[in-house]
Amino acid sequence: MNTTIRETDGRQTEQFVAPAASVIEEGDGYLLRVEMPGVNKEGLEISTEGNELTITGRRSLPTIDGALLHHESRRENFRRTFEIDPSIDVNKINARIEQGLLTLTLPKAEHVKPRKITVS
Amino acid sequence: MNLIRYQTPELTTWPALDRWSNLRDELNSLFDLPFLANNRQDLFSGWSPALDLYQNNDNLVAVVELPGMRKEDIEISLHDGTLTIAGERKSSSSNGEKAERTERYVGSFRRSISLPARVDTSKVSATYRDGILTVTLPKAEEAKPKRIDVAG
Numbered sequence: 015m016n017t018t019i020r021e022t023d024g025r026q027t028e029q030f031v032a033p034a035a036s037v038i039e040e041g042d043g044y045l046l047r048v049e050m051p052g053v054n055k056e057g058l059e060i061s062t063e064g065n066e067l068t069i070t071g072r073r074s075l076p077t078i079d080g081a082l083l084h085h086e087s088r089r090e091n092f093r094r095t096f097e098i099d100p101s102i103d104v105n106k107i108n109a110r111i112e113q114g115l116l117t118l119t120l121p122k123a124e125h126v127k128p129r130k131i132t133v134s
Numbered sequence: 553m554n555l556i557r558y559q560t561p562e563l564t565t566w567p568a569l570d571r572w573s574n575l576r577d578e579l580n581s582l583f584d585l586p587f588l589a590n591n592r593q594d595l596f597s598g599w600s601p602a603l604d605l606y607q608n609n610d611n612l613v614a615v616v617e618l619p620g621m622r623k624e625d626i627e628i629s630l631h632d633g634t635l636t637i638a639g640e641r642k643s644s645s646s647n648g649e650k651a652e653r654t655e656r657y658v659g660s661f662r663r664s665i666s667l668p669a670r671v672d673t674s675k676v677s678a679t680y681r682d683g684i685l686t687v688t689l690p691k692a693e694e695a696k697p698k699r700i701d702v703a704g
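If you're matching them up, the sequences are chains A and B in order. Okay, so the first sequence: first residue is 15 according to my numbering, each after it adds one. Okay, so the second sequence: first residue is 553 according to my numbering, each after it adds one.
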């Protein structure tokens, strides 16, 4: 989580911080929870490429007028790439963000779910 | 300004996962300690959300990063010029969920910060949006800067 990712797009360099995340096994898939305080639906970008899932969260932080007396937060936007298991059906990934906590549901593809075969 | 960082001793998390800790320093400090002496609380730091404090002519504003809480679970109190923000993040996992890997903290936290000016406790307000808590504490009249004109 101390990782800072630098990304150069030719002209300018943007720094990102990797957000804290949890992976939970649930039912027929996984839940991925990513903490991105200050990010709402509009600032969120999720993309998959091959077996990589990239989450970018741009923060809309409250602007407060005044002198900063004590400072612990970081201003950088969030970015993190996860490697996803081949059993995940990328077309069925579902995302929602509530109070800066992103929850992604990653269901397993039909063909990898355990199946009961009845002997006829 | 006096800042107290409260650590929950019962939460034991690996120090490398605390985003404010420096792994190398933590490891080095291990060798300086008589085996896990009294520094247990520093070594195993719990959830300590990031807090910023601003001051302008009229207000003190505290901004705390608290992703994924319910606003009912956040408790804000003022006592003797100290602002305390506490709460509990409940494990949202239902039955049958099993954490494979986690970097998030679940459980209670408490942050206290001593305020540099008197505030009008009856006018304190707070908003919680996108996982960020903003507490606005209007300064007491006598704590506001006043412009004094020179007579004559």
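By construction, these hints were calculated from the structure, which means they are not laboratory data. Hints are not guaranteed to be accurate.
Each computed DSS-like pair below joins lysine-lysine, with the alpha-carbon atoms no more than 27 angstroms apart [to be verified]: (1) K106/A <-> K127/A; (2) K698/B <-> K675/B; (3) K55/A <-> K127/A; (4) K642/B <-> K55/A; (5) K642/B <-> K623/B; (6) K55/A <-> K623/B.
One side of the interface only, derived from the structure: several residues of chain A facing chain B at Cβ under 8 angstroms [unchecked claim]: (7) S36; (8) R47; (9) G52; (10) E56; (11) L58; (12) G64; (13) P76; (14) I78; (15) N105; (16) I107; (17) A109; (18) G114; (19) A123.
All figures in this text were calculated on a predicted structure; none of them were measured in a lab. Cβ coordinates follow ideal geometry from the N, Cα and C atoms, glycine included.
Okay, the hints, checked on the actual structure:
{"no.": "1", "hint": "K106/A <-> K127/A", "in the structure": "14 angstroms, holds"}
{"no.": "2", "hint": "K698/B <-> K675/B", "in the structure": "20 angstroms, holds"}
{"no.": "3", "hint": "K55/A <-> K127/A", "in the structure": "31 angstroms, violated"}
{"no.": "4", "hint": "K642/B <-> K55/A", "in the structure": "23 angstroms, holds"}
{"no.": "5", "hint": "K642/B <-> K623/B", "in the structure": "12 angstroms, holds"}
{"no.": "6", "hint": "K55/A <-> K623/B", "in the structure": "19 angstroms, holds"}
{"no.": "7", "hint": "S36", "in the structure": "4 angstroms, holds"}
{"no.": "8", "hint": "R47", "in the structure": "7 angstroms, holds"}
{"no.": "9", "hint": "G52", "in the structure": "5 angstroms, holds"}
{"no.": "10", "hint": "E56", "in the structure": "10 angstroms, violated"}
{"no.": "11", "hint": "L58", "in the structure": "11 angstroms, violated"}
{"no.": "12", "hint": "G64", "in the structure": "21 angstroms, violated"}
{"no.": "13", "hint": "P76", "in the structure": "5 angstroms, holds"}
{"no.": "14", "hint": "I78", "in the structure": "5 angstroms, holds"}
{"no.": "15", "hint": "N105", "in the structure": "22 angstroms, violated"}
{"no.": "16", "hint": "I107", "in the structure": "17 angstroms, violated"}
{"no.": "17", "hint": "A109", "in the structure": "14 angstroms, violated"}
{"no.": "18", "hint": "G114", "in the structure": "2 angstroms, holds"}
{"no.": "19", "hint": "A123", "in the structure": "18 angstroms, violated"}
In terms of the numbered hints stated before, the structure departs from hints 3, 10, 11, 12, 15, 16, 17, 19, listed from lowest to highest.
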